[in-house]
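Engineer: Chain residues, written in single-letter form:
Number of protein chains: 4
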Amino acid sequence: MHVNIAAAEAAITAARKRAAELGTKMCIAVVDSGADLKAFYRMDDAWVGSIDIAIKKAKTAVFFGMPTGEIGKLSQPGGPLFGIEHSNDGLITFPGGLPIVDEDGVLVGAIGVSGSSVENDHAVAQAGVAVVGVSDLPAHPWRT
Amino acid sequence: MHVNIAAAEAAITAARKRAAELGTKMCIAVVDSGADLKAFYRMDDAWVGSIDIAIKKAKTAVFFGMPTGEIGKLSQPGGPLFGIEHSNDGLITFPGGLPIVDEDGVLVGAIGVSGSSVENDHAVAQAGVAVVGVSDLPAHPWRT
Amino acid sequence: MHVNIAAAEAAITAARKRAAELGTKMCIAVVDSGADLKAFYRMDDAWVGSIDIAIKKAKTAVFFGMPTGEIGKLSQPGGPLFGIEHSNDGLITFPGGLPIVDEDGVLVGAIGVSGSSVENDHAVAQAGVAVVGVSDLPAHPWRT
Amino acid sequence: MHVNIAAAEAAITAARKRAAELGTKMCIAVVDSGADLKAFYRMDDAWVGSIDIAIKKAKTAVFFGMPTGEIGKLSQPGGPLFGIEHSNDGLITFPGGLPIVDEDGVLVGAIGVSGSSVENDHAVAQAGVAVVGVSDLPAHPWRT
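Residue numbers (this note's numbering), protein chains in the order written: chain A, 308 to 451; chain B, 308 to 451; chain C, 308 to 451; chain D, 308 to 451.
These aren't lab readings, by the way, just hints derived from the structure by calculation.
It cannot be assumed that every hint is accurate.
If chains are identical, the list can't say which one is meant, so a pair holds when it fits in one copy or spans any two.
To be verified - The list that follows gives simulated cross-link-like pairs (lysine to any residue, SDA-like), each with its CA atoms no further than 20 angstroms apart:
id: 1; residue 1: Lys-380; residue 2: Leu-329
id: 2; residue 1: Lys-332; residue 2: Leu-444
id: 3; residue 1: Lys-332; residue 2: Gly-412
id: 4; residue 1: Lys-324; residue 2: Asp-411
Keep in mind the model is a prediction, meaning the values are calculated, not measured.
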């Protein structure tokens with residue numbers, strides 16, 4: 308199942324509101340369960356370099372059904388997933404990407420946010436997910 | 308100068324309206340004058356393959372400050388720009404990408420549309436540009 | 308909705324059977340509705356160059372919800388989609404890729420076959436689709 | 308020499324069985340001694356991001372004729388192969404990729420598994436290799 312455009316827009320609107328409250332300039336991306344771009348929004352004066360990071364965070368979150376920061380904990384030097392970011396045309400493994408899971412526990416997409424500190428990026432992503440679902444997947448089964 | 312997000316959103320909204328009138332399912336991208344993605348919108352049930360085409364059409368239109376279809380006329384076998392689509396990580400040179408030029412004749416960005424016939428793609432792109440500027444650049448000078 | 312692995316395996320088994328009947332050595336790929344690889348099978352002595360072609364045919368068919376050969380008719384020099392193969396990291400636009408559409412008219416994936424003449428590639432792809440669905444999409448709506 | 312499709316299928320079948328016993332959802336890839344994809348299988352609900360990782364693990368294992376985890380020990384910061392993952396369009400250097408060596412000590416291919424912890428990925432890869440060969444190469448000579 309894929310996130311629909313109404314949900315993607317609602318998530319971006321909520322994320323923008325949170326970004327404005329925090330006084331940040333963000334790039335916000337939503338991808339579907341196939342990691343294909345559904346919607347994207349770059350606030351005026353957001354970093355140009357955040358375009359790709361926001362999209363890659365969203366893709367990374369849906370690729371592995373978990374927050375990007377969780378992957379980053381495992382991919383440090385000496386960690387079990389060191390170097391994983393070389394896969395899938397480049398992952399971003401610090402916070403700011405979150406899965407979007409629907410009421411049936413199905414992974415339907417993900418949101419990725421970039422443009423400020425990773426704490427702010429994560430908070431803005433959370434605000435986006437909160438209006439359309441949750442970020443916690445059941446262990447299994449879940450459908451893609 | 309770059310298109311701002313308010314103009315990008317207005318262009319996408321107008322383009323969506325026209326797409327709905329035509330009964331089509333479109334991907335719509337807006338890039339700024341640096342060819343960097345500003346906003347993107349994929350209607351439900353639009354072709355997944357149109358994501359990249361819409362973005363590449365917008366980039367192509369701003370790369371050369373002209374409608375994508377104009378470049379396509381020059382890039383046919385035997386034409387002066389044959390093979391130009393191999394540049395810039397891939398161009399799309401058929402209709403559906405249009406520059407966005409502001410009231411001072413400055414190129415501020417471009418819109419790219421993909422998801423139906425090239426005639427429909429072009430019509431939807433035109434509807435988007437119409438609410439925020441024009442597509443005709445003065446010969447020179449114009450600023451990026 | 309995505310094709311499941313049982314359907315992907317059934318399609319490949321049927322395609323292999325047809326390939327053997329034709330005395331050909333094929334690469335056969337199945338992707339889901341997000342154009343992500345689900346299953347792949349290379350018969351002994353199939354061309355190594357057909358690996359990428361089979362996968363790209365499957366992706367192309369799902370990207371645009373139509374047989375790859377239909378796109379090829381439109382992408383010739385002078386045609387409306389000339390150069391479309393430069394999108395999406397490379398398309399293959401000759402026959403051998405077919406969408407997989409389920410009983411509800413939903414595009415769930417695609418099959419791509421490469422290794423012989425385009426007529427044989429197409430025939431083998433058809434044999435694969437026949438056991439799990441059809442290749443004809445309703446005009447709209449269909450869901451991805 | 309290259310692994311044949313019968314062996315590739317046998318390896319995948321054994322790997323799937325082990326994956327099911329472990330309650331995991333895996334992507335499983337087999338490549339030949341030229342590092343070209345022979346067969347691929349994605350279990351329902353496996354991570355989409357594991358497609359590329361499974362394939363890259365298999366390629367990495369055959370590129371250097373050793374388990375991927377062995378390379379990872381050498382590619383840490385300060386290690387002799389630091390950064391090797393930038394070669395060959397991207398390596399994956401944590402466990403889950405194993406060479407397939409035949410009874411004559413010849414490297415005939417490799418298997419790559421991704422979708423769970425690296426311990427589970429490695430165990431599933433081992434189950435696949437066990438039915439078609441071993442993973443230990445003689446020092447030299449061995450043929451490709």
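Engineer: Hint by hint, say whether it matches the structure.
Structural biologist: The hints, checked one at a time:
no., hint, result
1, Lys-380 with Leu-329, "neither (26 angstroms within a copy, 24 angstroms between copies)"
2, Lys-332 with Leu-444, "between (29 angstroms within a copy, 14 angstroms between copies)"
3, Lys-332 with Gly-412, "between (31 angstroms within a copy, 16 angstroms between copies)"
4, Lys-324 with Asp-411, "neither (27 angstroms within a copy, 28 angstroms between copies)"
The structure fails to meet hints 1, 4 from the earlier list, while all remaining hints are met.
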